[in-house]
Amino acid sequence: MNPPSNRTALTVGFALLPIIVSLVITAVLVLAVGSNPIDVLVAVAEGAFRNSNSFAGVVNFWIPLALCSIGLIVTFTAGLWNIGVEGQMIVGAVFASWAALFVDLPAPLLIPLEIVLAMIGGGLWAALVGFLKTRLGVHEIFGGVALNALANVWSIYLISGPWAPPTGGTAQATAPFKDSALLPPLSSEFPVSLLALILVAAALVIVTFALRGTRWGLQLKATGKNSKSALLLGVPTLQSAMTAFIVCGMLAGIGGAYRVLFTYASLRPLASGGIGFLALLVVLLVGLRPMFAVMIAFTFAVILGGSTRLKVALQLDQSLAGVLQGFIVLLVLLSNGLRQRFTPSAVEPPTPITATVEVQRIQPPV
Amino acid sequence: MDDNLINILNSVVANATPLVIAGIGETITERAGVVNLSLDGSLALAAMIGFVTALTTQSVILGMIAAMIAGALIALIIAVAGIELRQDQVAVGFVLTLLAADLAQFLGQNYTRIPGPTLPYVPIPVLRDIPVVGEIFFNHEPLVYLSYALIFVTWYALFHTRSGLAHRAVGERPAAAFARGTNVNRLRYFYTILGGALVGLAGAAYSLAVKPGWSTPPVMRGDGWIALAIVIFAGWHPFRVVLGAYLFAGLRSLASAIQRSPDIQIPLVLLNGLPWLLMIITLVLVSGGAVERLLNIMPRPLQKAMRTVLRSDPPAALGTRFDEG
Chain A
0 MNPPSNRTAL
10 TVGFALLPII
20 VSLVITAVLV
30 LAVGSNPIDV
40 LVAVAEGAFR
50 NSNSFAGVVN
60 FWIPLALCSI
70 GLIVTFTAGL
80 WNIGVEGQMI
90 VGAVFASWAA
100 LFVDLPAPLL
110 IPLEIVLAMI
120 GGGLWAALVG
130 FLKTRLGVHE
140 IFGGVALNAL
150 ANVWSIYLIS
160 GPWAPPTGGT
170 AQATAPFKDS
180 ALLPPLSSEF
190 PVSLLALILV
200 AAALVIVTFA
210 LRGTRWGLQL
220 KATGKNSKSA
230 LLLGVPTLQS
240 AMTAFIVCGM
250 LAGIGGAYRV
260 LFTYASLRPL
270 ASGGIGFLAL
280 LVVLLVGLRP
290 MFAVMIAFTF
300 AVILGGSTRL
310 KVALQLDQSL
320 AGVLQGFIVL
330 LVLLSNGLRQ
340 RFTPSAVEPP
350 TPITATVEVQ
360 RIQPPV
Chain H
0 MDDNLINILN
10 SVVANATPLV
20 IAGIGETITE
30 RAGVVNLSLD
40 GSLALAAMIG
50 FVTALTTQSV
60 ILGMIAAMIA
70 GALIALIIAV
80 AGIELRQDQV
90 AVGFVLTLLA
100 ADLAQFLGQN
110 YTRIPGPTLP
120 YVPIPVLRDI
130 PVVGEIFFNH
140 EPLVYLSYAL
150 IFVTWYALFH
160 TRSGLAHRAV
170 GERPAAAFAR
180 GTNVNRLRYF
190 YTILGGALVG
200 LAGAAYSLAV
210 KPGWSTPPVM
220 RGDGWIALAI
230 VIFAGWHPFR
240 VVLGAYLFAG
250 LRSLASAIQR
260 SPDIQIPLVL
270 LNGLPWLLMI
280 ITLVLVSGGA
290 VERLLNIMPR
300 PLQKAMRTVL
310 RSDPPAALGT
320 RFDEG
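Chains A and H are the protein sequences, given in the same order. With the first letter of the first sequence counted as 1, position 306 gets the number 305 in numbering that gives the first Met the number 0; the numbers rise by one all the way through. With the first letter of the second sequence counted as 1, position 230 gets the number 229 in numbering that gives the first Met the number 0; the numbers rise by one all the way through.
There could be a bad hint or two in this list.
What follows is a set of in silico ranges between Cβ atoms, one per label pair, in the way DEER data are often shown [stated by the list, open to error]:
hint, chain 1, residue 1, chain 2, residue 2, range
1, A, ILE205, H, SER255, 44 to 50 Å
2, A, PHE208, H, PRO300, 55 to 61 Å
3, A, LEU232, H, LEU250, 40 to 46 Å
4, H, THR319, A, ASP178, 52 to 58 Å
5, H, PRO141, A, SER51, 57 to 63 Å
6, A, ASN5, H, ARG85, 18 to 24 Å
7, H, LEU284, A, PHE101, 35 to 41 Å
8, H, LEU284, A, GLY286, 34 to 40 Å
9, A, ASP178, H, ILE263, 39 to 45 Å
10, H, ARG292, A, ALA209, 34 to 40 Å
11, A, THR298, H, ALA174, 38 to 44 Å
12, H, LEU250, A, PRO235, 37 to 43 Å
13, A, GLY286, H, ARG292, 35 to 41 Å
Over the 10 Å line for every Cβ pair with chain A, so calculated as not near, a few chain H residues [to be verified]:
hint, residue
14, ASN3
15, ILE5
16, ASN9
17, ILE68
18, ILE296
Hints in this document: simulated from the structure, not taken from any laboratory. All residues carry an ideal CB built from backbone N, CA and C; glycine is no exception.
Pulled out of the complex, with its shape left as it was, chain A reads as follows:
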């Protein structure tokens, strides 16, 4: 057996190595397109931390990313791959946009209405994925991907047709929402919505405790670990799966609403902007730990927010952010595998995220 100090060194090594290797690979790719990695690093740092406004940009990526990550922890706990999270964001954004465009109420009433509608929209779209999975046997990855595309088609249809701005639709956005429909910013130097920050904190606390300390959380875990045994032991696996989807959809819906009610102030095509997929990466990276997920989501938001400057400063495509994030998650997964090979007695990651694409139907016993 290894002495403890060796073990610690190994653990630290396995944690740091993938990140270092990802940075090196990304630097090589930057060189390959004829740019200087140092310049890129400076541009990303500037993009994220240049002033309070750019830092607010990071926080504005972080808010929907954190909401989706927290939601996905719920579905992953139940053993479900909610790839449909992107579509759930979009439908949440569409529902909120409807209220923002067509309901005349003072802000203190309109904003809660928008948020509630976004939760209903996202929850409904997620319930559809759940229905396809539990009742019709369509694996949630495929149901989710198709419903993502359909949600986006629907939102583009609304933007280019029925909800086109009266000045003539360019299919780029609806007319800007009225002020009373928008979430108020903390200040003009630091434009971030306090309400949204409170919602993230609330979601974090509620989900953490619901998963840890309630009967529902226990049932989700049982369903996720082994739905067949859970079913035989009397766990209502169908309800577990459905409620997990709906809770995740509601949180994603708020995330989508935040994009349109704050970031854009109008409904735009693909309002989700890939943030739902990024949230999947976050949870794959940290496992089922909400607090860690929120922190890693912040790191990813820094990379994402910082990379918006790449185009302006260096004429580089901002997909570089996705390249770096993708390599980090890929290499962490691979290094987890390596660690388990070399230190067989090492602690397994908390709850492994397992899923198969077998079309398995959760059904009550006959």
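Position chain H against the provided structure of chain A, taking the given hints into account.
Chain H in isolation, oriented as in the chain A frame:
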């Protein structure tokens, strides 16, 4: 037959070709028990690499080879992660979906919207003179003919050879295959990489033939998921993969025909949703209890035939890992 209709059917065959090649590739991989979920990203990255290689070397052959290597490398990562490192294949595949798509966009950023070499049209001499059929099936670029060959070779190899028996065995009952002396994991490596190379070739089929060139966002975005769904719809059978691919390509041609027709007023954006609706419908049809209920109300003689056409049972060991000894 109407010339216009023949032209449309000809383009359906051409447009379906990448889906056929990718679908056959994924079928080969999944029949061995491995899921390569990365298709949507792999196709984009292979298309970009194939195009850029063909452009810089002025050789479509090298372009296709480079695309196949790209697809094979991604598949290799999934195989190593799933087999050697015991990671979840779906998780690694999903990460690679996003990573490959972003890599394609980043590395291809200086090659968007520029003309490059494309595969030449090679009508097949005698066959193309067959009325109607010749024009629809034998007046294409070479990858289309390759896709025909691929369908039959894969079908024959899978169901009528000894190696095909071992191939299916490692996907269905790896323990039994192992007991009979088959090296399960070596075969899984082989078929995963082979399948990945075909996915790469499918990527090149976009950028060198069907939709020549490279653009951001890539034109084939979403097709990887459709190809994966086609494999399920096809019940992991090469012939039904073709059926699925032609169905989806046909629906697209229909949509663009509707869009051009002056009499029907359906917004173009809504037509873009049709393939995804079809995806859900076909998966509902072949999954779960829907098929059984449908079969039970059919006349008995029809049942057996329809069962072969509609049933879709995944390879029993799909997505699982096998530890020898």
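Quick rundown of the hints versus the structure:
1. ILE205/A with SER255/H: 44 to 50 Å: holds, 48 Å
2. PHE208/A with PRO300/H: 55 to 61 Å: holds, 60 Å
3. LEU232/A with LEU250/H: 40 to 46 Å: For LEU250/H against LEU232/A, whose Cβ atoms are near 45 Å apart, the range 40 to 46 Å holds.
4. THR319/H with ASP178/A: 52 to 58 Å: About 56 Å separates the Cβ atoms of THR319/H and ASP178/A, which means 52 to 58 Å holds.
5. PRO141/H with SER51/A: 57 to 63 Å: 59 Å Cβ-Cβ, so the 57 to 63 Å window holds.
6. ASN5/A with ARG85/H: 18 to 24 Å: Given range 18 to 24 Å: holds, Cβ gap about 23 Å.
7. LEU284/H with PHE101/A: 35 to 41 Å: holds, 38 Å
8. LEU284/H with GLY286/A: 34 to 40 Å: This hint holds: roughly 36 Å between Cβ atoms.
9. ASP178/A with ILE263/H: 39 to 45 Å: holds, 41 Å
10. ARG292/H with ALA209/A: 34 to 40 Å: holds, 37 Å
11. THR298/A with ALA174/H: 38 to 44 Å: Roughly 43 Å apart at Cβ, these two residues keep to the hinted range, so it holds.
12. LEU250/H with PRO235/A: 37 to 43 Å: Holds, at about 39 Å.
13. GLY286/A with ARG292/H: 35 to 41 Å: holds, 40 Å
14. ASN3: The claim stands: ASN3/H keeps its Cβ more than 10 Å from every Cβ of chain A (closest is about 28 Å).
15. ILE5: The claim stands: ILE5/H keeps its Cβ more than 10 Å from every Cβ of chain A (closest is about 31 Å).
16. ASN9: Given that every Cβ of chain A is farther than 10 Å from that of ASN9/H, nearest at about 27 Å, it holds.
17. ILE68: For ILE68/H, whose nearest Cβ neighbour in chain A is about 17 Å away, the distance exceeds 10 Å, so it holds.
18. ILE296: Its Cβ never comes within 10 Å of chain A, the nearest being 18 Å, so this holds.
The structure agrees with every numbered hint stated previously.
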